[in-house]
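Residues per chain are reported as follows:
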Amino acid sequence: MHHFKRLAASTAVVLCASGALAQDSITVAIQLEPPNLDPTSGAAQAIDSVLYANVFEGLTRFDADGAIIRGLAQSWDISEDGLTYTFNLAAGVTFHDGTTMDAEDVKFSLDRARAEDSTNAQKALFADIAEVTVIDPLIVQVTLSQPNGMFLFNMAWGDAVIVAPESIDTIATNPVGTGPFTFADWVQGDRLELTRNENYWGAAPALESATFRFISDPTAAFAAMMAEDVDVFVGFPAPENLPQFEADPRFQVLNGNTEGETILAMNNKVAPFDNPLVRRAVTHAIDRQAIIDGAMFGQGTPIGTHFAPHNPDYVDLLANSQFDPALSRSLLAEAGLADGFTTTLKLPPPSYARRGGEIIASQLREVGIETEITNLEWAQWIEEVFTNKDFGLSIVSHTEPMDINIYANPDYYFQYDNADFRAVLDELNATTDPAGRSALLAQAQTIISEDYVNAYLFQLGVATVARAEITGLWVNQPTAAVDLTGVSWGN
Amino acid sequence: MSRNLIIGAGLTAFFTGLAALSFLWTPYNIEVLDIPNRLLTPGGAHVLGTDHFGRDILSMVMMGARTSIAVALVAVGIGMGLGVPLGLWAAARRGSLLDDLIMRGNDLVFAFPSLVIAILITAVFGPSAINAIIAIGIFNIPVFARLTRGAALPLWERDFILAARVSGKGAARISVEHILPNIANLMIVQGTIQFSLGILAEAALSYIGLGAQPPTASWGRMLADAQTLVSIAPHVALIPGFAILLTVLGLNLLGDGLRDWLDPRLRVVRT
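Those protein sequences? They're chains A and B, same order as listed.
Each residue of the first sequence is one higher than the one before, counting from 5 in the working numbering.
Each residue of the second sequence is one higher than the one before, counting from 28 in the working numbering.
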């Protein structure tokens, strides 16, 4: 009897403890583990997923809907000629190591990112900066070499966050930022822990601590969520399981959009894809809805160009590449390939690529194009397809926001080389007036759609599965981020 | 004939028959996807239902049987074709340096975990059915070599071999004309067992994506594809699972039954 009482008492204590814990800590799962923790040099999205807005902040930032809002810069003035940006920094901001964040740190971060030997993955964001000047500790002035309508947008990227000069040497394993959470621990291959920054300069977050876990296997993801091992899964990898979570009162499912244009990339410099007729034939052979239904279980919006449909400047160009196998066959005949041809189709791991690849292979076979499918791991894909450009076809989702500029780089992996397109983008970069920018963006979208550079498939959706009580999660992914600032257990 | 033998032979014949039939006819063409009709439950136009791409599962199982049986058959062929002559040679030169070289070489191959080496081979040379065959085949060599040598050694001490030697036959001729026929039943039994292991290995390799590549059907990949669908469409995973189970069970029973049937010592007991 004694034993029983003690057991009951200890159980009660355990229950209370776990109940109390559940109120202010959270376990978040994402698919991929970051390779390092430096958003200003690593290209991997997983780095931003964990650290953006949580540990690191920039001058400006994306909010949940993708709008650009204030970050460390509380206000700014733009000169008449659009060349000088004067940022007024928030007062009383300290880095997690206790040092003060001031204009010198901003200058250091921007100069480091745009330096000749910088390893920043998105150096183009900083290309127009001519000079960064410290006016006083809380005012920093950035002078551009030419007007850039995207400058405030560029400064919101995870690659443009403000870092502390003292922490640079160890940033890859011990990130020191100004955000509402401090980095606590990283057990590689298992989890990464953040704790609340008690000295945060802004509104304190509701959560005391957060643990990130990395689960890429769809079956394991389903099991972990169902067993409540994780509270939130951002970017749930198995769309086929979502109806079960929707039906389960323990969970909520948030279906959002991302900046991920999912494309069937064609190697524009390799025969026969160097012939626009062949590329056009490929696009007409593809039934987008079958791919969205078959590979994504209905998640995704068809796109006709490399642009996000939820962006106000999106132009609906689906009519350029409607599903029409007969037209596709006649285009192939016109290109002298009436008997079809054989090419490679190299697929990275996500299910949009693996499943989508099988569907596309079957659709292409209908018009006489045979594909040899090779399934690759990400590292192999980066090497074979992205770096060595050794491929005919590949499927990948381009998740960077506003990344139509990749078509201006002839060395980019699909090797599209068009001087007219580059001229349009140069003009776009020099234009700050919104109407002019819209017109140029429309022109750019139309050029790549009518050149059939790639086959544009669909805008990747993102599903977040979470415990029903949790509030404040981002529905959409305007940038790769799991912003925990406003997240709470809804009490 | 034992019950094992009959059940085993029946199951083996059934799946071999499905594979053979797939060359002539399948209910549907598995290279044509029918997305609107995906995940249909068994019954109706699709006897075993459809998978996540709307492909007919019965047709997939038939084509998968072809892949599994072809891979396992060729792999066992490689193992037998190289392993048996090596074993005979080692037995003929028993005790010599050559015997040691052959058998230690076999030990070396045996020492590696077979699936790990299979993964290595397919990772280096790229995933394909051919590489899966080679990987599985290599690991069949020492099995047959060791078994052959072990069975051949005592035969070399027997009087009828002595008689053959006295009559002037060379070691190679004796191995082929006298040793081999006397160990053939052992080889058949072992071949059946290795065949079932080959089917399992092929399924394992395709499950992790290193076997036959799409659109070639494979039981292992059917299982892997169906993994996340278990809770919404269990038949998509259960059917290829049962196909593997029943084929391997059938081959094992067949191997057991054949051993009982072919072993002269057991035959005396039975009659």
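It is possible that some hints are incorrect.
[What the hints assert, rightly or not] Just a few of them, taken from the derived set where beta-carbon distance is under 10 Å, the chain A residues facing chain B: (1) N92; (2) S149; (3) Q293; (4) I295; (5) G298; (6) S355; (7) I363; (8) A365; (9) S366; (10) E370; (11) E376.
In short, the hints are calculated from the structure, not lab data.
Here the structure is a predicted model, which means the values were calculated and not measured.
We put the beta carbon where it would ideally sit given N, CA and C, even for glycine.
**Q.** Violating hint indices (sorted, rising)
**A.** Going through the list in order, the structure violates hints 1 and 2 and respects the others.
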